[in-house]
Amino acid sequence: MKISPQWVREFVDLTVDDHRLAEDLTGVGIAVEGTSGTGSDTVFEMEIGTNRPDAMNHYGVAREAAAVYDVPLKQLSVASGQRPVKTSQESSFPIAVEEPQLCPRFSARVVRGTKIKVSPAKIAHRLQLLDQRPISNAVDATNYVLWEMGKPTHVFDMDLLEGGRLIIRKAREGEKLKTLDGVERKLTSEDLVVADAKRPVGLAGVMGGFDTMITDKTRNILIESAWWDPVTVRKTSRRHGLHTDASHRFERGADFESTILSCDLVAALILESGGGELVGDAIDVVSRKIDQAPVVLRLSEVQRILGGNLDAGEIFRILKKLGFGLIPEGQADAQIRVHIPSWRLDVEREIDVIEEIARLHGYDKFENTLPAYSGAVVELPNAAMDASLRTRALALGYNEAVSLTFISHADAERFSSASVLELENPLSEEASVMRTSMAPGMLDMLAWNLNRDSENVRLFEMGRVYEMRGGERVEPARACLGATNTAVKSSLPVGGALDVSKGEPAAAAEAFRGFKGDVENLLAAFAYRDLSFDRETAEYFHPGRSARVLMDGAVVAQFGQIAESVKAERKLRQDVFLAELDLERLHARGLRTVRFAPLGKYPAVERDFSFVFGDDVEFEAMRRAVMGLGLGVLRSFAPVEIFRGGSIAPGKYSILLRARLQSDEGTLRDEQIAQWSSQIVAALQGLGGVQRA
Amino acid sequence: MAYTVSKLTDYSAEALEKAAAGCVRACADEAAAVRNDAELKAFRDRWLGRKSGVLTQINDLWLKGAPKDAKREAGILVNELKARIQELVDGAQVSGSGDDADEQRVDISLPGVRRPIGAEHPVIKTTNEMVRVFQKLGYSVADGPVVETDYYNFEALNFPPNHPARDTQDTLFIAGQQSKPQRERLLLRTHTSPVQIRTMETMRPPIRIVIPGTVHRNDPPDASHSPMFHQIEGLAVDTNITFGDLKGTLDHAMKEFFGSSVKTSFRPSFFPFTEPSAEMFVSCFICGGSGKRGNDPCRPCKQTGWIEILGCGMVDPNVFEFVKDNAYDPKRVSGFAFGMGADRIALLKYGVDDLQLFFNGDVRFLGQFA
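So the protein sequences, as listed, match chains A and B. Each step along the first sequence adds one to the number in the working numbering, with nothing skipped, and position 100 is 100. If you count the second sequence from 1, you need to add 1000 to reach the working numbering.
One or more of the hints may lead you astray.
Said to hold, decoys possible - Computed cross-link-like contacts, DSSO-like style, restricted to lysine-lysine with a CA-CA straight-line distance of at most 30 angstroms: (1) B:Lys-1136 - A:Lys-365; (2) B:Lys-1263 - B:Lys-1292; (3) B:Lys-1018 - B:Lys-1071; (4) B:Lys-1051 - A:Lys-365; (5) A:Lys-516 - B:Lys-1125; (6) A:Lys-516 - A:Lys-502; (7) A:Lys-170 - B:Lys-1180; (8) B:Lys-1125 - A:Lys-489; (9) B:Lys-1136 - A:Lys-186; (10) A:Lys-2 - A:Lys-502; (11) B:Lys-1051 - B:Lys-1082; (12) B:Lys-1324 - B:Lys-1125; (13) B:Lys-1125 - A:Lys-365; (14) B:Lys-1180 - A:Lys-235; (15) B:Lys-1292 - A:Lys-321; (16) A:Lys-320 - B:Lys-1331; (17) B:Lys-1071 - A:Lys-365; (18) A:Lys-2 - B:Lys-1302; (19) B:Lys-1292 - A:Lys-2; (20) A:Lys-365 - B:Lys-1082; (21) B:Lys-1018 - A:Lys-365.
Since the hints were derived computationally from the structure, they do not count as laboratory data.
Excised from the complex, chain A in its bound form (with noise of 0.2 angstroms):
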């Protein structure tokens, strides 16, 4: 919204030039957010709170710059001089309002024998100044007084207005209005509209009628200033997408008191420029008084509220500058009642007098003090463990990512089984969702990284997805890892490849093995006794490449290579690897407690064994085998290196494997390890492996 402060200044002398008012004013939320053009010409871009429709106008503006500077405000009245000529004719123009409560007040003036033309160069120019294009005299004077004093009025053709009165009503269902702006509108019951005998003529508070608006041809004009329903107008003005300069006013709540003042305004501008003559007196038709009833101020409750010493004086001469009356109740100033203002709809309790006096006193000269505490203080139950979880990921090098919590139908149904969230308003399609899983985000972010050749990428995101579940919506927790394959191989150790055979699988179980010791680190924060992984993934991981993680047998994580017919619908390319962590569940778990375990005092002894398996017999049979020989020495069992080709046949594999044995009671002698690698020999062959030369 654009004010002119020298506008401001036709109401209220002020000693400062334009830049001081607009920090002054801006001090007392009567914000100047930029000031443009110079001189006579300079222009304010206001920012004015919903709640201040009094100031949102030039004399509003001067009616605080009056409070700010302690100066007089001048009167807003039709100057003597213009007072325009009434004649003796009764200025009778029926007004029926059927709906009291929705237009509690109508006032109505007559112009009569008046010309229509182009605007006085001075108000033209204002006009223009504040971005309003200047059409005509009668219409220039309505828009003129909205801007001078805030109150929104209407001007009609009183010769279009058939029947010769005007009706507040509510529509016809299916009714139809073709508003000033060129648009036909087809009203509903729920609209408020101002109807000649015949038809609509304006829709209340929102915008005039085409058809009786003012012409080149007109020469009787009737002048409306009406007051409002707030609600009404605003459920109008969205029903019809119609959000102009009166609605806006209206909504917020315009000055009861102000609809007689602002006809004579508008009628003494167009008697000045186009002649005429006022017809008999106002009409005014009050069905409702909008009562403001006073309220009650405290000084103690000033002072419980803001704390400091305000001085009685300077509260009392805040609020009567700003229009309030003041009456003192009971003894020595302890208790005022308050009388508001009529254009101060905003102010109905004594807190809304308290924040006028903290407003006008100045916010930054309250002292800074700090209030005295006795609570206790609490973390969220799983922060711990989201800080474990996530210092792990930065030190494995994941970055840490943020994605849009929104995702696509198309989306949502490949990568989750559960009941989506939908948008009633989505920003497009492809974010019509409310995420159900973290997977679409992070390919999004993997494929907007390799699209610009930053290869070496890994990305962690923590968050939450957003599902109903039985008719509840819930916000479980989850983390999701992703990296590109080229980045999970510049992890391996140079060096350490477990499989050493060449080709692609070899490189694929190696990646992929890169990838799982990531999850295993992060999963390791937690609480547990043990992990097993199994295939049971979804259908956008890779079959043979992706793995379930069961802690303690309760699915926690699945991870892997993404699957192709995914990586080919996202144009990844290249292979990606994603991990998707159910934190509700590990949340429920708890962070794993350290126990310390006696370090051993006993050399260890490693042995190796050499076998070669059929593909089908996984490490994990192996691995079991020998636990389960339930060896107390057994320190650890793992594969030292796979090779496939060569001399071994094609289904096999060769496998080295190393067993390290270590006893807390004393060293090992050579002829008790002999007979435990022999029992973990015969395990080996059980599964059908044949040991190597």
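Place chain B on chain A using the hints.
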């Protein structure tokens, strides 16, 4: 002149000791002169070598050639000498700059192998830092759902149905809610303020909470807007909270966060759930409040020297009315609330010029924060 072992003729105690002392001195001198590993090896071999080392020679020349009556004395002496020489050889170290230091040195200017370290997301890092500031002031962390009801997001925060203040929120609504009463309809919370109500419903005063969280608005993405962003909310309620406390707390927090030299300024504003309401500005931490960087205008503060950081105010009594039953009687308690955009603060703090960089996972961007 290198030490050589000469045959002994005089086996008197004095002569033996003199010969031994000469030998030890020579060994010590040679030990001190060792300059590199090669010399150290040669030194060791010369004295301890089994075949022709000095000690072997001494054994041969002094001990074997000793007259019978002196054999015992000579034996003791040679043993002591051996121990001493062994000690000197073991203790010898390379000293000074060896001739081949040049050959063995590495190019210390080659880039180090930096194993990748993940970077914290700048918005989360900023959020955590801000939350920590308030935790130190006695605030507990609280949270609540992102998918909220109209009641918590609007009604209980004193946004009546059909109030124009709702327009400022650009709300994203959940579909299919029309059959429910308005207050139960689901939407994406437009601010973290609903958690104020949720917390007051379950915790009695006094409370001090800080609420970091994700919020959504119907703002198409551009350099300064995102339909999803992050807020940090705060609420303090007690029997003694004043507007001065609000100012003092935030002034203290901003000095903790941005540095002790920043100043704060408060201007009147409007939020339905606070009264009086304020916007808080901090003196520009980029230009120091001058509005200029050298001769250039300071863009982050638009040359004003001030940057708007948050909205705040005293909790509106109407808000307390909604939780009055849990001991929030507005006649008895008062409180303040504040809320700020973590993304915007991160933008300003790190000089990022495009909000979208925060949400596309670009490692060229994220990696800068490692």
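Hints, one by one, checked against the model:
Annotation: proposed proximity of Lys-1136 (chain B) to Lys-365 (chain A) holds, straight-line Cα distance about 27 angstroms (limit 30 angstroms). Distance restraint check for Lys-1263 (chain B) and Lys-1292 (chain B): the Cα-Cα separation of roughly 17 angstroms lies within the 30 angstroms cut-off, and the hinted pair is therefore satisfied. A C-alpha spacing of about 17 angstroms is found between Lys-1018 (chain B) and Lys-1071 (chain B), which places the hinted pair at or below 30 angstroms, so the restraint holds. Of the supplied pair hints, the one linking Lys-1051 (chain B) and Lys-365 (chain A) is violated, its CA atoms being roughly 97 angstroms apart against a limit of 30 angstroms.
Distance hint between Lys-516 (chain A) and Lys-1125 (chain B) is fulfilled; the C-alpha atoms sit about 27 angstroms from each other, no more than 30 angstroms. For the given pair, Lys-516 (chain A) sits about 21 angstroms from Lys-502 (chain A) by alpha-carbon distance, which is consistent with the 30 angstroms threshold. Restraint check: the Cα-Cα separation between Lys-170 (chain A) and Lys-1180 (chain B) comes to about 27 angstroms, which is no more than 30 angstroms; the hinted pair holds. Annotation: proposed proximity of Lys-1125 (chain B) to Lys-489 (chain A) holds, straight-line Cα distance about 29 angstroms (limit 30 angstroms).
Note on Lys-1136 (chain B) and Lys-186 (chain A): the hinted pairing is violated, with a Cα-Cα distance of about 59 angstroms set against a maximum of 30 angstroms. For the hint pairing Lys-2 (chain A) with Lys-502 (chain A), the CA-to-CA distance comes to about 75 angstroms; that exceeds 30 angstroms, so the pair is violated. With a C-alpha separation of about 15 angstroms, the suggested pairing of Lys-1051 (chain B) with Lys-1082 (chain B) holds against the 30 angstroms cut-off. With a C-alpha separation of about 36 angstroms, the suggested pairing of Lys-1324 (chain B) with Lys-1125 (chain B) is violated against the 30 angstroms cut-off.
Between Lys-1125 (chain B) and Lys-365 (chain A) the alpha-carbon distance is near 34 angstroms, which puts this suggested pair outside the 30 angstroms criterion. Between the alpha carbons of Lys-1180 (chain B) and Lys-235 (chain A) the distance comes to roughly 19 angstroms, so the proposed pair stays at or under 30 angstroms and holds. Between the alpha carbons of Lys-1292 (chain B) and Lys-321 (chain A) the distance comes to roughly 38 angstroms, so the proposed pair goes past 30 angstroms and is violated. Between the alpha carbons of Lys-320 (chain A) and Lys-1331 (chain B) the distance comes to roughly 26 angstroms, so the proposed pair stays at or under 30 angstroms and holds.
Distance restraint check for Lys-1071 (chain B) and Lys-365 (chain A): the Cα-Cα separation of roughly 105 angstroms exceeds the 30 angstroms cut-off, and the hinted pair is therefore not satisfied. A hinted pair counts as satisfied when its Cα atoms are at most 30 angstroms apart, and Lys-2 (chain A) with Lys-1302 (chain B) qualifies at roughly 20 angstroms. Between Lys-1292 (chain B) and Lys-2 (chain A) the CA atoms are separated by roughly 27 angstroms; this keeps the pair inside 30 angstroms, and the hint holds. For the hint linking Lys-365 (chain A) to Lys-1082 (chain B), the alpha-carbon distance of about 90 angstroms lies beyond 30 angstroms, and the restraint is violated.
With a C-alpha separation of about 95 angstroms, the suggested pairing of Lys-1018 (chain B) with Lys-365 (chain A) is violated against the 30 angstroms cut-off.
Figure legend: structure checked against the earlier numbered hints; hints not met, in rising order: 4, 9, 10, 12, 13, 15, 17, 20, 21.
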